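If you're matching them up, the sequences are chains A and B in order. Everything in the first sequence is counted per this note's numbering, starting at 1 for the first residue and increasing by one. Everything in the second sequence is counted per this note's numbering, starting at 1001 for the first residue and increasing by one.
These aren't lab readings, by the way, just hints derived from the structure by calculation. Do not take every clue at face value.
[What the hints assert, rightly or not] Coverage of chain B stretches by chain A, computed from C-beta distances (three or more under 8 Å per stretch; other residues unrestricted):
# : segment
1 : 1087 to 1098
2 : 1148 to 1159
3 : 1168 to 1182
[Said to hold, decoys possible] Example chain A residues on the side facing chain B (calculated, C-beta under 8 Å, incomplete):
# : residue
4 : Gln44
5 : His182
6 : Asn283
[Stated by the list, open to error] Over 12 Å on every C-beta distance to chain B, these chain A residues come out as not near it, computed from the model:
# : residue
7 : Ile20
8 : Ser156
9 : Arg200
Quick caveat, the model's predicted, so the values are computed rather than measured. Every residue gets a Cβ at the ideal spot worked out from N, C-alpha and C, and that includes glycine.
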Amino acid sequence: MESKMSEFLRRFGSLIGLIILCIILAVWSDTFLTGRNLMNILRQSSIAALLAIGVLLPILTGGIDLSVGSIQGFTMCFMAYMVVTTGINSILGIFLTLLLGSFMGLINGLLLTKLRLPHPFISTLGMQYVARGLALIITGGMPISGLPPAARWLGSENIGGFPVSALLVVVVCMVYYVILNHTPFGRYVYSIGGSREAARLSGVNLDRVLNWTFVSAGFLSALAGVVLAGRVNSGYPLAGDGGELDGIAGCVIGGTSLFGGEGTVLGTMIGVLIMGVLRNGLNLLDVSAFWQKVFIGIVVILAVWVDVLRRTAEYRASVRKV
Amino acid sequence: MRKLLLAAFAVVLMAGMAAQAGQIRVSVVLKALDSEFWRSVESGALAAAKENPDIVLSILAPAREINVQEQVQIVEDIIAKGTDVLVLAPCGGQELAPSMDLSLNSGVPVVLIDTPSPWGKEATFVGTNNVSGGKLAGEFIARKLNGQGEVAFITGVMGHQTHIDRLAGAEQELKKHPGIKIVATQPADSERSKGMTVAENILTTYPNVKAIFCTNDEMALGALEAATAEGAKVVIVGFDANGEAVRSVKSGGLGGTVAQSSFNIGKYGVESAVKVFKGGKLPPHVDTGTTLVSSENADQFLN
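Using the sequences and the hints, build the whole thing.
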């Protein structure tokens, strides 16, 4: 019985939380369930969603990436600089931006695997400062605005009533679902998080897998940067400040374990949506940003507590079997 | 699918008509609510709403002034909910431009307060004339120095229009006095600790500096620390007239500070919104006024 309950909580706990939240808000605010508002939630959550999937892979290996928000900010400014100041083609600008993000992720990885810094907490904390500094340098502290329409497309347009950025997130989710569940790389990521030693002994090339998880995080941060640049029609140096924490919170609310080995793309998306819906609903109800922080904090704590309950139940069930 | 969209559209329309006849929904979105300045803007807005029972006021703000993304979300959410006029102090004049477009395209006119924007489609801008404020500071310094001596400027992040305007005003006034020489202009990013470091450097490089104009109070209070530590007698003038700065002026620390009327920014902002809603014509810039706070009048600015 307990194990069934715990399995149920593991699979649907956060989803049920999201549904309950939506019902409460729909009752409270007559704007909440309007099409326009639902599209707003998707649009507003898309950037946090990209950052969350970005940090998900390093977290699954038992690591962390604290630099995604700053890399988002820097790559966004880089893109604005390229397409506005130097005036290169928008598509080329986006391509170079994604390349730059991936490269910065690669540096994060190499700091860990080649320089042997003890934990990605340190290397990516360093990168957080470096990237933020570079963002301030490339912009001179001022926003660069006036992007051409092609550069703004991902962040500002709609297809069939849906924000392009939300559709992009759906595509990214599908790709990462396949990578994590149906490729050897995905298996390696989970196995490193489960037990690093066991993964090494079974012949997994640890360094290479770890490097790629950070490249992926850097790439998705840059993608988030491109989306945000389109949304606000500019690159500004303090963009994405605190984005890494929103991303991590999304992962954790969605049932990802910070010790690695456990977590899914779908769960993470639900975690991000819970935060997005909460912020949106509280705005509709005229609740101040100060209280929003309190509520989001409580949700993070609640989500992890439910997870602890589940684990305890699982543990008891397994002991009883023995 | 089409039915669903139509239904959603109908709901949006109904939400839009939710306001009762005669009522004016004014949505004020500030940069933050984390400082005396913004609290005072808030109380100005509340005061305006209290005087006019037709106003249905809502006030929201991101947690911090730098949270552009959060402010964009707030504006989107307000437009989805429905409002008559948006009164906005943009976290970024350029970054919020798409959100202001969204508002205008949804039939909601925008009144900008405190921070101007190159966007240019606002019904009016309600805020401090920073050039006049800078002039007050320049005038005061010239008077204190009897038109003789070296002056230094400490300013915010380079390229920021507010700070540029304040400096320009002060410079215009000081240039009227041939005995006054502006020897340095350095940025300290509006922060107290940087203001202190920069002032230390200035006082070391130019020991004859007799006055420093800082484009906000935080930097002025930092500069004051530096001058006190060095035992230098320097007239330091800040901008904003926050509580600590005014107390310092009163006790003989800072020479003076320029008060913006943050209360008026909120009050005139909401009043202008009502005029816009009723179809009235407004000037492009509603000046909310500036006053120089010195030891003589500091008492009025306390509390």
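Right, here's what the structure says about each hint:
With a threshold of 8 Å between beta carbons, the proposed coverage of the segment 1087 to 1098 of chain B by chain A holds, since 6 of its residues qualify and at least three are required. Look at the segment 1148 to 1159 of chain B against chain A: 3 of its residues bring a Cβ nearer than 8 Å to a Cβ of that chain, three or more, so the hint holds. Coverage of the segment 1168 to 1182 of chain B by chain A is violated. Counting CB-CB distances below 8 Å, 0 residues qualify, and the rule asks for three or more. Interface restraint check: Gln44(A) against chain B, minimum CB-CB distance 5 Å, threshold 8 Å, status holds.
Of the supplied interface hints, the one on His182(A) is violated, with its beta-carbon coming no nearer than about 31 Å to a beta-carbon of chain B, more than 8 Å. For the restraint placing Asn283(A) at the interface with chain B, the shortest Cβ-Cβ distance is roughly 4 Å, inside the 8 Å limit, so the hint holds. Distance check for Ile20(A) against chain B: the nearest CB is about 21 Å away, which clears 12 Å, and the non-interface claim stands. A beta-carbon of chain B comes within 12 Å of the beta-carbon of Ser156(A); the shortest separation is about 7 Å.
The claim that Arg200(A) lies off the interface holds: its Cβ sits roughly 40 Å from the closest Cβ of chain B, which is beyond the 12 Å cut-off.
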